[in-house]
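Enquirer: The lines below spell out each chain.
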Amino acid sequence: MPTVEVQNLFKEYSGRQVLKDITFSVQSGEFFVLVGPNGAGKTTLLRILDMLEEPTSGKVLFDGELVNYSTKEKTVLRRKSGMVFQQTILFNMSVSDNVAYPLKIRGESNIEQKVKTVLELVQLKGFERKNALTLSGGEAQRVALAQALVTEPELLLLDEPTANIDPRNISIIEEVLSSTNREKRTTIIMATHNMFQAENLAHRVALINNGEIEEIGKFQEIFGRPSKPVKNFTRFENVFSGQSTASTEDTSIIDIGDGVQIEAAFKKSGYVMIHVSPEDIILSTHPIVSSARNIFQGNITQILEMESAVKLKVKVRENKNFTVQITKKSFKEMQLSIGSRIFLAFKASSVQII
Amino acid sequence: MNITLLSLRVSGAAVLIGAFVGIPVGTLLGLKQFKGKRTIMRFVDVMLKSVVNTFMGLPPVVVGLVVYLLLTATGPLGWLRLLYTPTAMIITQLIMVVPIIIGVTISAVGSVERSIREKALSLGATEAQAAWLVLREARMGVLTSIIAAFGAAISEVGGIMITGGNIRWWTRTLTTAIVIETELGDFAMALTLGAILLSMAFIINLALTIVQLKGARR
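Residue numbers (my numbering), protein chains in the order written: chain A, 3 to 356; chain B, 102 to 319.
With the rest of the complex left out, here is chain A (with noise of 0.2 Å):
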């Protein structure tokens, strides 16, 4: 029987549509992964299923029960769920206290315990005095997963769980959505715009694009099968997804977030992932001026010395980070260090769609 049912849904803000004819069912204890380039209407959505928002029209349905959208209905429903926003929200008091809050509100009872087995799972151990304001991104964001998963909910719903973290908490993160899936059977519906994290994570995945479901399946046949040697080299590197616009000359322009738009020798539009090989990007000390179509500014962020080259991780405005592949010899006569300001430059025909 399906956890989550939803049928022809439709939210319109002041004349806007939103989300347009949605319809899909989420099985008991699947992973559903929404992706979707921002805007898409990945949000919305989730704030409707947790009852934040209503919808225009169409129907949400809780293990086969229509949900009425009634203020004691919500709390009922609620109370079976959690939630984490992409923007952490804490409340001003201690780590424990936070993650109790939501044992407190229940009027459950061993809530000491379950706090701590919850803050173990996250990895939070020896955190509980601190206040919860005075976190780091990543750790607080943990602290929003255990609010969420301190009550065993049936179903919990992610929005963006990971985008403003570095690695390290985000591969905590993704362990522990693994882990509580797995183990714990909770049915979870996660939005996301990291490819990676829908293919390693979800058992099905929804294309949303401009408030449409655009295809619903597991995430090979939506995306196909890249051939093996792309797929193992690229794994992490140089990957962006993102809103592909074609221009009259031949070449796309694909926005890949945080104001970052690569230039590409393809046309197509609509929604693309893409890479570029570390070894065709250009390093220089200095601005560049070239036939290269692309040219980012960025910052050394790792160094990685290999035997025969130097691979240089280098992140471009908040959170894009492009891996440049140089030769040892380049390496040394340029002086790089992390932290150096560096220009990246590439063809537009250096990056594949993939």
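Please note that the accuracy of each hint is not assured.
Mimicking DSSO-like on lysine-lysine, the simulated pairs with C-alpha atoms at most 30 Å apart in a straight line are [what the hints assert, rightly or not]:
1. A:22 <-> A:270
2. A:118 <-> B:315
3. A:127 <-> A:186
4. A:116 <-> A:132
5. A:61 <-> B:133
6. A:61 <-> A:74
7. A:61 <-> A:22
8. A:270 <-> A:315
9. A:334 <-> A:317
10. A:118 <-> A:106
11. A:349 <-> A:269
12. A:349 <-> A:270
13. A:82 <-> B:133
14. A:106 <-> A:127
15. A:349 <-> A:317
16. A:322 <-> A:269
17. B:133 <-> A:106
18. A:313 <-> A:330
19. A:82 <-> A:116
20. B:315 <-> A:132
21. A:116 <-> B:315
22. B:315 <-> A:127
23. A:270 <-> A:317
24. A:315 <-> A:269
25. A:61 <-> A:186
26. B:133 <-> A:74
27. A:106 <-> B:315
These stretches of chain B come out as covered by chain A in the derived footprint (C-beta under 8 Å, 3 or more residues) [said to hold, decoys possible]:
28. 211 to 225
29. 229 to 241
Simulated DEER-style distance windows between Cβ atoms [what the hints assert, rightly or not]:
30. A:108 <-> B:215: 18 to 28 Å
31. B:303 <-> A:185: 52 to 62 Å
32. B:142 <-> A:25: 28 to 38 Å
33. B:142 <-> A:128: 40 to 50 Å
34. B:296 <-> A:168: 50 to 60 Å
35. B:314 <-> A:291: 49 to 59 Å
36. A:17 <-> B:303: 53 to 63 Å
37. B:208 <-> A:356: 49 to 59 Å
38. B:237 <-> A:71: 23 to 33 Å
Since the hints were derived computationally from the structure, they do not count as laboratory data. Quick caveat: nothing in here was measured; it's all calculated off a predicted structure. Ideal Cβ positions, reconstructed from N, Cα and C, are used throughout, including at glycine.
We have chain A already, so just place chain B on it with the hints.
Expert: Same frame as chain A, but now just chain B:
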């Protein structure tokens, strides 16, 4: 000495009762702006808050006059025989401080991110539990309302002069005593009382401020 105690008693009681009335009302009004989609509700909301803001600056003498007229032997509440008692003074100051507490509480509660309330609801809180949490998050601002109210009450003179009558050993407070001593030309006495008033206000504000900073720093 007993005039100092009476000052404290009257203003303290007024602020305490005022807090019991003003904080819940202020919280309700502060939370209103989370909803209020309809134009009529908006209008009522704006009017209500403007009235509260006006009353925050209520002239104590006017309050005193109105309370006097209500409590005077021939007034509608004359049968209570409360005129020229500390109770009358407490009522006078209560009317003054309630709008201050409501007004500052409204803005304190209103400045708590609406996402905090949503988060509480999302975690399964009832409307009342969520309101309580918002109030808790706004606690620093609410404390400010108490500080402001107490400051206004302890330094007030016009209202309690009229309704208390400034009777020695009975309804004379620090502020009304200062008025009398000044009129009698005993400036040394008046200044001394002024110094006592100021240091008392300072000590109480110091205590409240320490509480406030402690809460903010955590």
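Enquirer: Each hint needs a verdict: does it hold in this structure or not?
Expert: Taking the hints in turn, this is what the structure says about them:
{"no.": "1", "hint": "A:22 <-> A:270", "result": "holds, 24 Å"}
{"no.": "2", "hint": "A:118 <-> B:315", "result": "holds, 26 Å"}
{"no.": "3", "hint": "A:127 <-> A:186", "result": "holds, 21 Å"}
{"no.": "4", "hint": "A:116 <-> A:132", "result": "holds, 18 Å"}
{"no.": "5", "hint": "A:61 <-> B:133", "result": "holds, 28 Å"}
{"no.": "6", "hint": "A:61 <-> A:74", "result": "holds, 18 Å"}
{"no.": "7", "hint": "A:61 <-> A:22", "result": "holds, 13 Å"}
{"no.": "8", "hint": "A:270 <-> A:315", "result": "holds, 28 Å"}
{"no.": "9", "hint": "A:334 <-> A:317", "result": "holds, 20 Å"}
{"no.": "10", "hint": "A:118 <-> A:106", "result": "holds, 15 Å"}
{"no.": "11", "hint": "A:349 <-> A:269", "result": "holds, 15 Å"}
{"no.": "12", "hint": "A:349 <-> A:270", "result": "holds, 17 Å"}
{"no.": "13", "hint": "A:82 <-> B:133", "result": "holds, 27 Å"}
{"no.": "14", "hint": "A:106 <-> A:127", "result": "holds, 20 Å"}
{"no.": "15", "hint": "A:349 <-> A:317", "result": "holds, 19 Å"}
{"no.": "16", "hint": "A:322 <-> A:269", "result": "holds, 23 Å"}
{"no.": "17", "hint": "B:133 <-> A:106", "result": "holds, 25 Å"}
{"no.": "18", "hint": "A:313 <-> A:330", "result": "holds, 9 Å"}
{"no.": "19", "hint": "A:82 <-> A:116", "result": "holds, 16 Å"}
{"no.": "20", "hint": "B:315 <-> A:132", "result": "holds, 14 Å"}
{"no.": "21", "hint": "A:116 <-> B:315", "result": "holds, 29 Å"}
{"no.": "22", "hint": "B:315 <-> A:127", "result": "holds, 25 Å"}
{"no.": "23", "hint": "A:270 <-> A:317", "result": "holds, 27 Å"}
{"no.": "24", "hint": "A:315 <-> A:269", "result": "holds, 29 Å"}
{"no.": "25", "hint": "A:61 <-> A:186", "result": "holds, 28 Å"}
{"no.": "26", "hint": "B:133 <-> A:74", "result": "holds, 19 Å"}
{"no.": "27", "hint": "A:106 <-> B:315", "result": "holds, 24 Å"}
{"no.": "28", "hint": "211 to 225", "result": "holds (count 10)"}
{"no.": "29", "hint": "229 to 241", "result": "holds (count 4)"}
{"no.": "30", "hint": "A:108 <-> B:215: 18 to 28 Å", "result": "holds, 23 Å"}
{"no.": "31", "hint": "B:303 <-> A:185: 52 to 62 Å", "result": "holds, 60 Å"}
{"no.": "32", "hint": "B:142 <-> A:25: 28 to 38 Å", "result": "holds, 34 Å"}
{"no.": "33", "hint": "B:142 <-> A:128: 40 to 50 Å", "result": "holds, 48 Å"}
{"no.": "34", "hint": "B:296 <-> A:168: 50 to 60 Å", "result": "holds, 58 Å"}
{"no.": "35", "hint": "B:314 <-> A:291: 49 to 59 Å", "result": "holds, 55 Å"}
{"no.": "36", "hint": "A:17 <-> B:303: 53 to 63 Å", "result": "holds, 57 Å"}
{"no.": "37", "hint": "B:208 <-> A:356: 49 to 59 Å", "result": "holds, 53 Å"}
{"no.": "38", "hint": "B:237 <-> A:71: 23 to 33 Å", "result": "holds, 27 Å"}
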